[in-house]
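**Q** Read off the chains here:
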Amino acid sequence: MSSSPPSLAAASIPPNSRKGEIRRRWFRRRTAVGLPPGTITPHEQRPARMELISYSPGDYREAADFSIEQLPSLLIPDRVHWLNIDGYGDAELLKSLAKDFKIHPLAMEDVVNTHQRAKVDNYDDQLFIVARRVLGPPFRSEQISFVLVGNILLTFQEDLEGDCFDNVRERLKSGRGRTRTLGVDYLLYELLDAVIDSYFPVIEGMGEDLDRIEEAVQGQPNPESLRRIHDHRIDLLQLRRAAWPLREAIQHLLRGEFQQIGRETLLYLRDGYDHVVQIMDILDIYRETCGDLRDYYYNIVSSRTNDVMRTLTIISTLFLPVTFVAGIYGMNFENMPEVKDPWGYPLCLLAMAMIAGGFLVFFWRKGWLRSFDKQAGRGLD
Amino acid sequence: MSSSPPSLAAASIPPNSRKGEIRRRWFRRRTAVGLPPGTITPHEQRPARMELISYSPGDYREAADFSIEQLPSLLIPDRVHWLNIDGYGDAELLKSLAKDFKIHPLAMEDVVNTHQRAKVDNYDDQLFIVARRVLGPPFRSEQISFVLVGNILLTFQEDLEGDCFDNVRERLKSGRGRTRTLGVDYLLYELLDAVIDSYFPVIEGMGEDLDRIEEAVQGQPNPESLRRIHDHRIDLLQLRRAAWPLREAIQHLLRGEFQQIGRETLLYLRDGYDHVVQIMDILDIYRETCGDLRDYYYNIVSSRTNDVMRTLTIISTLFLPVTFVAGIYGMNFENMPEVKDPWGYPLCLLAMAMIAGGFLVFFWRKGWLRSFDKQAGRGLD
Amino acid sequence: MSSSPPSLAAASIPPNSRKGEIRRRWFRRRTAVGLPPGTITPHEQRPARMELISYSPGDYREAADFSIEQLPSLLIPDRVHWLNIDGYGDAELLKSLAKDFKIHPLAMEDVVNTHQRAKVDNYDDQLFIVARRVLGPPFRSEQISFVLVGNILLTFQEDLEGDCFDNVRERLKSGRGRTRTLGVDYLLYELLDAVIDSYFPVIEGMGEDLDRIEEAVQGQPNPESLRRIHDHRIDLLQLRRAAWPLREAIQHLLRGEFQQIGRETLLYLRDGYDHVVQIMDILDIYRETCGDLRDYYYNIVSSRTNDVMRTLTIISTLFLPVTFVAGIYGMNFENMPEVKDPWGYPLCLLAMAMIAGGFLVFFWRKGWLRSFDKQAGRGLD
Amino acid sequence: MSSSPPSLAAASIPPNSRKGEIRRRWFRRRTAVGLPPGTITPHEQRPARMELISYSPGDYREAADFSIEQLPSLLIPDRVHWLNIDGYGDAELLKSLAKDFKIHPLAMEDVVNTHQRAKVDNYDDQLFIVARRVLGPPFRSEQISFVLVGNILLTFQEDLEGDCFDNVRERLKSGRGRTRTLGVDYLLYELLDAVIDSYFPVIEGMGEDLDRIEEAVQGQPNPESLRRIHDHRIDLLQLRRAAWPLREAIQHLLRGEFQQIGRETLLYLRDGYDHVVQIMDILDIYRETCGDLRDYYYNIVSSRTNDVMRTLTIISTLFLPVTFVAGIYGMNFENMPEVKDPWGYPLCLLAMAMIAGGFLVFFWRKGWLRSFDKQAGRGLD
Amino acid sequence: MSSSPPSLAAASIPPNSRKGEIRRRWFRRRTAVGLPPGTITPHEQRPARMELISYSPGDYREAADFSIEQLPSLLIPDRVHWLNIDGYGDAELLKSLAKDFKIHPLAMEDVVNTHQRAKVDNYDDQLFIVARRVLGPPFRSEQISFVLVGNILLTFQEDLEGDCFDNVRERLKSGRGRTRTLGVDYLLYELLDAVIDSYFPVIEGMGEDLDRIEEAVQGQPNPESLRRIHDHRIDLLQLRRAAWPLREAIQHLLRGEFQQIGRETLLYLRDGYDHVVQIMDILDIYRETCGDLRDYYYNIVSSRTNDVMRTLTIISTLFLPVTFVAGIYGMNFENMPEVKDPWGYPLCLLAMAMIAGGFLVFFWRKGWLRSFDKQAGRGLD
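Chains as they are written, first to last, in full-length UniProt numbering: chain A, 1 to 381; chain B, 1 to 381; chain C, 1 to 381; chain D, 1 to 381; chain E, 1 to 381.
Hints listed in this document are in silico derivations from the structure and should not be mistaken for laboratory results. Accuracy of the hints is not assured; some may be wrong.
No distinction is drawn between identical chains; accordingly, a pair holds when it is met within one copy or between any pair of copies.
Restricting the straight-line Cα-Cα distance to at most 20 Å, the calculated cross-link-like pairs of lysine to aspartate or glutamate (EDC-like) are [stated by the list, open to error]:
hint : residue 1 : residue 2
1    : Lys-99    : Asp-59
2    : Lys-366   : Glu-224
3    : Lys-119   : Glu-142
4    : Lys-102   : Glu-264
5    : Lys-119   : Glu-62
6    : Lys-99    : Glu-264
7    : Lys-119   : Glu-248
8    : Lys-102   : Glu-62
9    : Lys-173   : Glu-62
10   : Lys-102   : Asp-271
11   : Lys-119   : Glu-257
12   : Lys-102   : Asp-125
13   : Lys-119   : Asp-271
14   : Lys-366   : Glu-215
15   : Lys-99    : Glu-69
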């Protein structure tokens, strides 16, 4: 099936730094237009690094910095092997791996085009899984591909700021837990679980930020809070887009169609599935919370505008009429009898005071003189 | 399956007091990163207390303050036992229980990591159920785990302000109701039903609060109402998150896959299911009501801003032009013939009155002079 | 199954009068906390009244004001019986009925706790149906329970302002229609259909009110319209909550699992199902219409605020600058050459006119001088 | 099954003219309260007209203005008959038809109560279909009922401004197309297709109107646009309510349960189904477009209010302070040294210019002096 | 089945240029009202062009500019043929093709009426697929129809600005990839994949535009951004309407009901399906992002209005009262003792300064003097 060797070409794409760039990159097309389906086109020039861990219940070995030619000699029958490839810069290496392990061209295309949704596929008797781990802030995601060939588990990563497998490596090395005693399917579960675990710190950081924003909005709403709410909503859309297919993929694995996954491992996968569901729950709650916060912000701004307008209206209404009265007696007409009257001035001041007092009573009755802060206590408890 | 004893370590987490803390805590991760799956890591240092109730239709005994070594002697064949454990502070005790009752490591991990969604699992022939009861206000939730091992029902609680099982205990003791005559599955139903019942007072309190807020909004909208509406929306999201999986779990039990639940108890569970559905209904209605109240608040503020603006506009429009006229005749030009005319002053006052009168007619026609309160009657009945 | 007689206790709850009360009552808990499941606790002290109608195609008899001891003698074999119980005040009566007809304790609990969702249950070979009829305005709902025991149909009602079965009674008495010729299942259908019919007047009244509100909003928006829209949205939520489970219950009946319902009656039930679906349709449309009306109201208020603001801005912008000019020449500086110039006054007036005219041209170009009413014609048709 | 002849009574309802009336009428109840199910109560007094078309591949005959007694003689074996009844004014005629063709009472009730949802029912071996065609603007809908009895297709219409079947009649008469060569089921398809086609002109007219409204909103938002958007949203709700059940009904037909519909006709019905789905698609898009337009309108009004407010603020801020300065030197205190200074006047003017200039610089920095029109170019392209 | 030759008539429709036109055209009806179903009515007068590519693994031939009579001689057994028809102007040609390849009239009607939803149909053993490719901006879509007749694949296009198949042609010609070695079903997959690929550039362009709009909104919100957001929302509705049925169609193909599609090609189609799902994901995210941007825009405008109002209120409140004081002493009453007092003027100035200072303190305490820009830092980190 992999008879026609796919053409391999290395494309150069500059690293992304700005936020807008990251978002655009997120949605980039899978392969360059014009290539036949199944073409391997690595798009990053990071050199590939290989790392091999092989173990049995009582034994553990690791190897690194070996060449593709040395690989067959390192694979020992009756042991579990985990071959981890970091970076896609070496097209020849990927081509060789695809040939050696008879990986289906479509799987290989998905490995190198790192904008896949999480999924599970079965090519002949190879189990192919794509998952996405997340990092941040600033929030990013990275594709991790798993190919299970017999007793050998291959993982492909983009090599972005380390990976999330250090705990699994440490457990394998120290022999803690049950990883070494169970088979390659349990190793696959532990790695998937580590990918799922990568969501929790990101979500927790976001939750703490939402709490801070909520406090800030209640105190003094400002556009910075608004911008953060907006950014979180966009990030949550992306997180959800990464997590939702992961849930579907694990659900697919749980259906028990894949004979590579043993019954005991399915029990553990069910546990992992619960965690993804929990992640989805929290993402949904956070997204609704963001919307609620935005509406809350808006309502507070709107209440304050009302407060400001009321102040303006009261001041204007008090002073415009009396200023007009003052204007009348500032006119220079010769024939103004009031002006010459000795009681004119005090009567005029009295009239002004009555006008202003009348408006004050009017506003008092309308309830406009009580400030919002004092109203807060009314009507609720 | 429980051959490798999981490592037990007690972690210390300070008690939460502020509201933001509570929300964050809600979404905390299940286990510390880096531990193998299935690890028991109790995160609260409350000492564990055990309480054992054993009964048959005609007999009832209870025991407390016994040690784990005394437990086997307290378990009598052919009787129903309910072993309740409060608090997770004693890691050794939990380890012993897990070993004695052969509880699956994953179940034990879920017991001590108290941020699970409600769920039903079947490990070998042990039925494992997680449920969440709610308390408040301030609104909180607590995980309660059930493990059904043969004729023995184990319940694990965090020991937060008592529990919700006192009525069941009292019925068992007094022999009222049918609890003692039916088996351990009926006891499980009664306890689940007590958990479900814990939602109703919280929901009712919230409903009464919403009624009060609605009255306050209609009277005089103020930011305090707004803050309460916002808080309730967030709380309702959390309540829904606790209740939804509980509904799924009971639906799962109802499917009849679990041979531990008898046919008669299924009838009762169906009743409990109706109550969870009712809770979901009310939560959905409350959440929509909160959204409606927020929009209502906003519309009222917006109507009042319009009212305020109209007042300002009327006053300004009446007095700015006439003040200008007064300003003209307050100018000190020597060559102003009107000023010397004996009819100048009365004519000027007349002109001012006509200007103001003209604007009054204009506003009258626009309908701006009728206050909102009087408009209320128009057009509706 | 009904071997342990449930304890009966009459609780007293004052009648609700205010609206807020009604809403709260709607969501009250099913039984007092602390009672075992299956307890009959009537919560209203209205005395119970029994009414028995028995008929065959050619015969019709009715009885009322008989005691529970007389009941067996009134039940004649080979006839259809309809036993209607109004009010739950007589706990002894309900206990006797439950024992005589062997009604399951859970069914009996649902009968007296009148806050159930509509549902269909099958206990042994008794068909148990809960439905809710609606009354209003002010909008309320009442639970009606049906128990079908062989050839006898029991209906339980709260006795709130009569019932909705008068037409069925009249048809049975007069022999019109086909009710007497078909069996007890057709009688059940006719009563359910009468319950469904109780929704239509409420919905129609609401529709007419929405039409009136729409006209009022288009004419002159006022907070009274807003309050009504808000009330209708809340009522529609409640109506939907009553109708949705009724639809599910009838769909459940239609599945044909219940052998008590004959094939011919299923045809009629299908018709009843169509009517509930129609009710749901209308409720959804009304709720969306309410939301649209609220947004429409808000947009109109917002347009008017804009209109008001524009008026204010135009007047202020016209008169503030010229008033300032008048103020300059009202100053008392001795060295003001313009003041002594015989052309000073007319030139000053000219300058003022030019300033005001310039702003008028500016506003004309901005389109602010055309009132909204005249703009309405532009751009459309 | 139709042994008991239903009672027939003609009710008089005045024709509706105003819009609100039309909407109310839309949701009117099916039968007068108090009648037994299956009662035929025609609610319009339009006299019924019958029209019969009978054809075979090579022959075509039509008849009109015949009486119910003449009908049997017009029905010729081995030919397809289409009997169309317009108007429900003649209760006796409907009763006779129901008896002659043995139409089920429930079907007959649905025929005359013209507020049904579209649906498909099977009574014995009669296929009964209700569909709704739409007319407008002003938007209305009309129920059309189909009863397929052997080789005879009966259609019942309310006779509202002609019907939508003229094209089918013309094709039958001229022998064009394949209608005459295929059976009665194909005729049924063609008539259903004509009903579906009646939606397209209404939808297209609405689409063109939405385009016009969009242009008007972009030019100069006015309340007339708002009213139209609101009306279209309500109309779209109604249209959707008419089209959605039609889609369900055709899907029901497509399932192939009805042996009256041949395999070849099912191919054509699949095509009709595609068209209803297309209608639903467009209705959903239009409804979302209406919502978007409303929000767009609102945002534009809100931007303009901001524009108006800024103008007011700038003018007020420029002239209020300098008018105050002028006011100071307009005071009549005797002891004002500045007034007597020959440089007082020019220095005062200079101070005013500096105050105004300072505010101008402040506004310039805030970006308030650039009008929105010029800002439009910034930041985009 | 195609025995009755459908009538062919060419209709003339002017080309659309303005945007509104395009949208209206989108929803135009399928066939002119009054024609029998299955009528071919090409609505564009572009002359039809035919292009034939035939190949086997080792051979490749192409032909163009041949007549319909020459076609049979160009079809060679045992080779794969791809016959592409551009433009529907030549009704006779389409009629001949329909007859020669025995294409079902309904399929042919769908081919020429280019407003279909994407779909898959099976007529006898011809596979008929409709898909829509998209172009833009300005955003448009074009229908492409596929008919698979044995080893011959017919594609029909409207001939709008080239097509999206150039890469497939080039691969066929050069023999690159595996297209020539696999059968006609793989060719069909490659063409469908090219159609799917046509969505990515449009989506990417839109994503970049959304990023630009987001930056513009954060900088200085202006109505142009608003218009663009609105346009994108409408375009996204249309894009979704084109992509959704495409997803359904490919899902339909994947179910494996069509024996024309081989097992190996299904693997590739699964890959294509993943891409359509990815497109739907991005469209949904973009639409939500548009909504979020609109709300963000609105909130920023609203914050700025609040800012503007505050400035106005502060200035008015500072200067209206002191201007009134100046007005008092500008009155010409003869009996004003203050005026003659030598300390009158300085005391008056002092009073004014105290009034203004009092209001400044009031505003300072209310927090109105801090500009929004400075508030931004408060409360968040």
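**Q** If you check each hint against the structure, which ones fail?
**A** 1, 5 and 8
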